[in-house]
Amino acid sequence: MSGNGEDMDVTEARIGVFVCHCGTNIAGYLDCEALMEYAATLPNVVYAKNNLYTCSESGIGEIQKAISDHRLTRVVVSSCSPRTHMPLFKSACAEAGLNPYLFEMANIRDQCSWVHMQERDAAQAKAKDLIRMAVAKAVLLTPQKDIEASLVKKAMVLGGGMAGLSSASALADMGVEVFLVEREAELGGLLRRINRVGPSGEKASDIVADMVRQVRDKPNIKLLLETELAGVGGVVGNYEVVLKTKSGEEIKQTVGSIVVATGAVPLNAEGLCGYDGKRVITQIELEEQLRDRKFEAKNVVMIQCVGARSAERKYCSRICCLSAVKNSIYIKELDPSAHVHVLYRDIQMYGTENEKLLWDSRGKGVRYDIYDASRPPVVKDGAVELYQPLTGMTVEIPFDLVVLSTPLVAPADSQTIANYMRIPVDGNNFFLEAHAKLRPLDFATDGIYLAGTARYPATVPEAQAQGLGAASRANTILSKDKLTFSALVSQVTDRCDGCGFCVDLCPYKALSLVEYEKDGQIRKKNRSDSILCKGCGVCAATCPKGGVVVLGFTRKQLEAQVDAALESLQ
Amino acid sequence: MDVGRHPRIRLLAYSEVEKVEGEVGNFRVTVRKKPRYVNESKCTGCGSCAEKCPTVTSDAYNLGLGKSKAIFKYFAQGIPSSYTIDASVCRNFQQGKKCGVCAKVCQAGAIDYKQEEQILEVDAGAIILATGYELFDAGRVPEYGYGRIPNVVTALEFERFLSASGPTHGHVYRRSDLQVEAKLPELEKASQKVLRELEKFEKTFSMTSDEFFEKFEAGELTGAQYDEWAKAIKGYAPLKQQLENARKQVDCMESAHRIAFIQCVGSRDKRFNEYCSGFCCMHSVKEAIIAREHDREAEIYIFGMDIRAVGKGFEEYRNRAGEAGVTFVRSRVAEVTENAAHNPILWFEDTKNRIVRSLEVDLVVLATGCEPSPAAHKFSAMLGIPLTDFGFYKTKTVPALDTSRPGIFTCGCAQGPMDIPESVAQASGCAARAAQALSESESMRLVS
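Top line first, the protein sequences correspond to chains R and P.
Letter by letter, the first sequence follows residues 1 to 570 in our numbering.
Letter by letter, the second sequence follows residues 1001 to 1448 in our numbering.
Zero decoy hints are in this set.
Selected chain R positions facing chain P (Cβ under 7 Å, derived; list incomplete): (1) G23; (2) L52; (3) Y53; (4) M174.
Simulated from the structure, these hints should not be mistaken for lab results.
By construction, the Cβ of each residue, glycine as well, lies at the ideal position given by its N, Cα and C atoms.
Work out the full structure: start from the sequences and follow the hints.
So, in structure tokens, the structure goes:
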């Protein structure tokens, strides 16, 4: 069997309809025998059968037998949801030698028997409508071939911080050729500025050194330092990436998949809470002082949420409380007589070990004081003025060092990077994943993945887990021999006059306008990329002229369905 | 569903790991597949069996708030979609009765009472421990009255109340009312029984109960049989009253309108777990927002020390709750009492206003914390991998997902409480670590 039914003559519509009882799920409320008899009377239907379970082995067997016995050229199953069962029925058709795109489904369970249990007569009539509609559409179905594309088994990892290093390393171990791109001269990202990593206390420099050694040791990782992204073309499996080195040299490379791990930067505290870089510094500058053993202060006041959780920057930066609590402990360990006073709004020590760190810090004598966002602390000369909501009093806390916990923010060029890859960013310019809960490392665009602080502030273990996770996600593409896509995608017709209405609305950026010459005039016409297109149909619904259609949902097919639906009213 | 349909994933549901031998690149795992008494490959998940099964049990998925059957599916979208007989309650197994209803109604012929447990040997190069967590038992906090005060519920119970497919079809009813509603059929039955008895007497003596009782009270009728009739009539009066009250209460049953969430139940508490459970602040905020969507006028309070909205979009979500009218109170609630109307009363110190106050509400929701699963102890012992002081799998900072034993990785709440996106990211990360471990062990084998 060809599996695609290319040899079969399917011009004549010889339809087989299979009505499923789904045990009692359908048959308990609808008369399936009568539905089957009704289906048999519809135009072009040459065979009708009802089954206890069409999806069972015997049900599938009956479909396949009928295809050969009755020379069926279309199959309609009226049962449950295409979301769950369409793939099964389609592959059953293919196995029996019928092109799987000649299959149609009528949902008489979820959309009929289940929702109209109390109105059986009306439900029976609706089931007939649904079957008649599916049959009417089936007549107009045409055989299609899955779209197949080759892919390049290479990956581009953008960013050489914790997430990027982890991703590159994992992809290399999976046998993928990796290009690791870092704009700085050194690998390690934000971690290079950190003293020690909480809660366990390893030296950040040791972690970086170990990760870099691993990456350098792998022959299938090509390091591109002092190199930046300059453009991305192509589609999943064949992204054409353009890079630019510091010296202005252009590098072009085709890869199958891209991991975005471009990181984040601490907010510049210039102009906030009396920041001067000397007596008033940021938390990341304190990290550097501790790392370089240059820290010396007796009275330290840390202020949390500086420039975060505000009207301007609404989000909580996740890691600043962890850094403050961790550093307060290091300060107390260096000098138990030092005073550390942390002013906070909510102390965000989520999880097991982090909360323990907070207890430890309190145990070492670090003082925690809540402040009210509407009356924030004021840094004055030599003392921080704090309104204590818990006492109702205003106190002055003397300091010789103020440490401002500023949030991580998206780098200034994140929008540019996003534009190159046609991927979205959120309101804070962090990259926006496909689904906040279930697809945190994916983009809606196939083949591009996300990890680390480019997504949102993250701790070292979190950034690493995401880097590894993105590698895994990328490998779901790269481990394939070829890419297969549904043929039910948009197609531009002769009626397109290049108005471009649909181009802006396409959520997958699959449409673009191309210019051509006709009768000596430059004209425009739409072009659809069948790999980028997901067949959602926004374009077809927008076009006033029928200039773009989605295969499997053509105007003719939909009109036939609508006409069939209206028949019951006549 | 993707997992269920994936050609390269073999799902061993309803199974326990018995033994693990070998090392990275070459583990041999012994798995005990428990009998479902339903043939997975035949069962289509249609549910006819559960519909007809005569044995009603409490519904574990709805936390006992609803009803289930002895042949059941844990929840509607479960994968595999196969049903399972709970042999500990099924009549066929327990009472030696010849029930067999499910086998009779199953048109797919999937019921197999003789199914036995299977021992499977699985070869694996790497192992990922994603054994999850347990919820803290709210009854352990005496001052909040869970189990004693009916209108104090856990966050997960509240979640089921909010769900359209839950036991109350999305109505946030009070447990005190639901308990009365649940008793109603019993009361009706008892009352009908007495009424039938009275009817019998009325027929036998050809007079109405009222006529009889008047005469009986007047001393006109005496004798043992009349004593019995009178006793039945006297017994009926309070029953009738009780039934009427119950019916009235059920008829006027209203959704809870004033709802208070208490955070850190069992968490950040030296008596129980001193750690933060990470996810509870956000599920309270979510439940508060949904409860407001159900009832625009609902008064909702969230009592917490810090509101830990640390994930992407979380702080914005918390702000949305505030804008939607949810009141955040910075406080650790000291005590919950109950008044005559079964309304819980919270006693607390409102720290930002520096006063001790009380607040009467219709319903209290306890944000119960995360606890390590007993499975962690089992696998810790079986695999020789250490746990943290808190009982979760111990991992390194870097590599973040590795246990102490090569080739064994862990993700999700098994290594500590975390939110869904973190859990999903870790799971994908573990897949990468497993692939790396296999390639490393492969290359080591080539070297040696």
